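Residue numbers (the numbering used here), protein chains in the order written: chain A, 1351 to 1809; chain B, 29 to 209.
Among the hints, erroneous ones may be present.
Said to hold, decoys possible - Below, in silico cross-link-like pairs of lysine to aspartate or glutamate (DMTMM-like), each with a Cα-Cα straight-line distance of 20 Å or less:
id	chain 1	residue 1	chain 2	residue 2
1	B	Lys179	B	Glu196
2	B	Lys147	A	Glu1362
3	A	Lys1672	B	Glu208
4	B	Lys204	A	Asp1408
5	A	Lys1416	A	Glu1486
6	B	Lys181	B	Asp99
7	A	Lys1416	B	Asp176
8	B	Lys181	A	Glu1561
9	A	Lys1600	B	Glu208
10	B	Lys179	A	Glu1524
11	A	Lys1637	A	Asp1408
12	A	Lys1416	B	Glu121
13	A	Lys1416	B	Asp83
14	B	Lys181	A	Glu1415
15	A	Lys1710	B	Asp176
16	B	Lys204	A	Asp1389
17	B	Lys52	B	Asp83
18	B	Lys181	A	Glu1362
19	A	Lys1671	B	Asp176
20	B	Lys179	A	Glu1362
21	B	Lys204	A	Glu1616
22	B	Lys147	A	Glu1415
23	A	Lys1398	A	Asp1593
24	B	Lys179	A	Glu1561
None of these hints come from the bench; they were simulated from the model.
Here the structure is a predicted model, which is why all the values come from computation and not from measurement.
Chain residues, written in single-letter form:
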Amino acid sequence: MMQSNQIIGTVEMIQQDNLDVRTITMGINLLDCRHQDIDVMCRRVVNKIESYAGDLVDVCDRIVEKYGVPIVNKRLAVSPAADVAAGHGPEGFVALARAMDQAARSVGVDFIGGYSAQVQKGASAADDILIDTLPEALFSTGKVCASINVGSSRAGINMTAVGKLGRTLKTLAEGSRDQDGFACAKLVIFTNQPEDNPFMAGAYHGHGEPEVVINVGVSGPGVVRRALERRIERDGAENLGLDDLAEEIKQTSCRVTRCGELIGREVASRLGIRFGIVDLSLAPTPKVGDSIGEILTILGLDAIGAPGSTACIAMLNDAVKKGGAFASQSVGGLSGAFIPVLEDSALAEAVERGELSLEKLEAMTCVCSVGLDMIAVPGDTPAETLSAMIADEMAIGMINKKTTAVRFIPVPGKVAGDRVEFGGLFGGGTVISVPNAGKSARFIRYGGHIPAPIHSLNN
Amino acid sequence: MNYVISVMHKDRVGIIADVTSAIKQLGGNLEDMSQTVMRGYFTMLLLAAFPDGTDEAALRSALGAVKDLADFEIGIVPFEPDANNGVKADDSEDRYVLTASGPDAPGLVAAIAEYLRQKGINIIDLTTQVYHGRYIMMFLVQLQPQTDVGKLKHSLRIAMSDLGIHTELRHQALFKMTNEI
């Protein structure tokens, strides 16, 4: 028999500290579904997804019963739509998006990612069509998520695509005006996009992936927060150094990851599918007590965004990786602490109080996963400014050889300080101020390409 | 000849030395042993092999004759190899941890144990403690093969709710994975 305090500790992690498996994501290769006839292609896509993922939700539900640990989301990630529908015109791409949506509904998953293209070095004709059809694809579906990789440390940044995507965000926001521009929450723009990321909206099934695979995203901000609180209560803040707290985070991350590994491998085993990776990300939810921002407060910051925030999140991010890497046989995906503003109640409140600015968020993304994520900006932010904000974040990823991403929502009709509510895991919060809006247009109009950076002389 | 021997006494330094020395003097060889101390009371259960012809009375007499063991509560039963009653290996697929909590009142363990008996569920191990003002019970249980865990959890929850007992059932692998390397 295990020690009773270990049993109580595990039960508390689940019941009180919000430990869950954030997502079980099945990756499926759809490249063999290509066909010159749109209907045949779509039928193949639906059939293939149904044949692999038909039991996914049921198996996850049975495993939830067995372990009593919630699996919050069941998702699919498929081959980039730009590759599957290449050769077709816009109608073929939109039909593919609808087929993806139909299949996702049929198997009962929450989202399907993969309306995607990789254009870091340049866009093919198919990539251009995919980007052009993003609004129609996202407006005419409910579960489809899109992502575009515009940069990499090896290839540089495709600034023509970045310029185009600023305009796309405006179109998406305007087209979902009645939902405060919610369509933008389903598009992520990346540098160094991982091929095995299980989190939405940026999941897709990469070219180096097997035919079908199960990837897992763990959660755990609430567990880390409570572990730190307990340690400080037990030992007294005056007797602890940051190295002690980093160690506590590391050990907690290890336990959280072990839980995700156990559940992910069992899902894969029951489905007879290869297990891929555990993504070690600390993914917050809008629920109080499940926030990255709250961890920063416990680590000693009276305002999130105050000096020290970047150092604090760097320590948190590194400790999470160290603990998780030890706990899992195979890690991947994004693996880091997310700071999606609208999805994290404490971060959203810090923005509302004016303590957390866009610039400080950008600085924090230099040292954590994954980028400027779920940030509501004024609806009148010019497209070129959005593109320039994307370019800044992509440059951070390109130079630092890490994944960075952007999910901006220019909320139509709203200005800095206004509230938005998306509900559910998407949360809500305050529209953040964008300084110097409208002053980057000449830079963006150049388009072209920012060359790949030098990989030595690293200062 | 194998015997299962239980020993209970108020805890003090040297109990295990006393008991195992006595067994050694009888020519016994320890095969398995479990020991714990609860609120100052020592208890030990051991399995030992003795030379052929060692009968229970002789064993009791020999253990009782050891001066320092005279006032111990000692139980002796011959070991039956099939006495494990269908208990499977530690990593059995059907082994779950049932955690239950309720207001500290008489009869909570009895209520759950009776429910488990009616369902044919064997209790492998049990520990309890008062935690944050509530009585916490942790049962390691062996479910019948092919048990519908969802239905069992539901019926257990309903059956125990009248007594104010909150129950949770989770497979033991979760606890091992989150606590052991």
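### Query
Among all the numbered hints in the text so far, which are the ones the structure does not match?
When the structure is compared with the hints, numbers 2, 4, 5, 6, 8, 10, 11, 13, 15, 16, 19, 20, 23 and 24 turn out to be violated.
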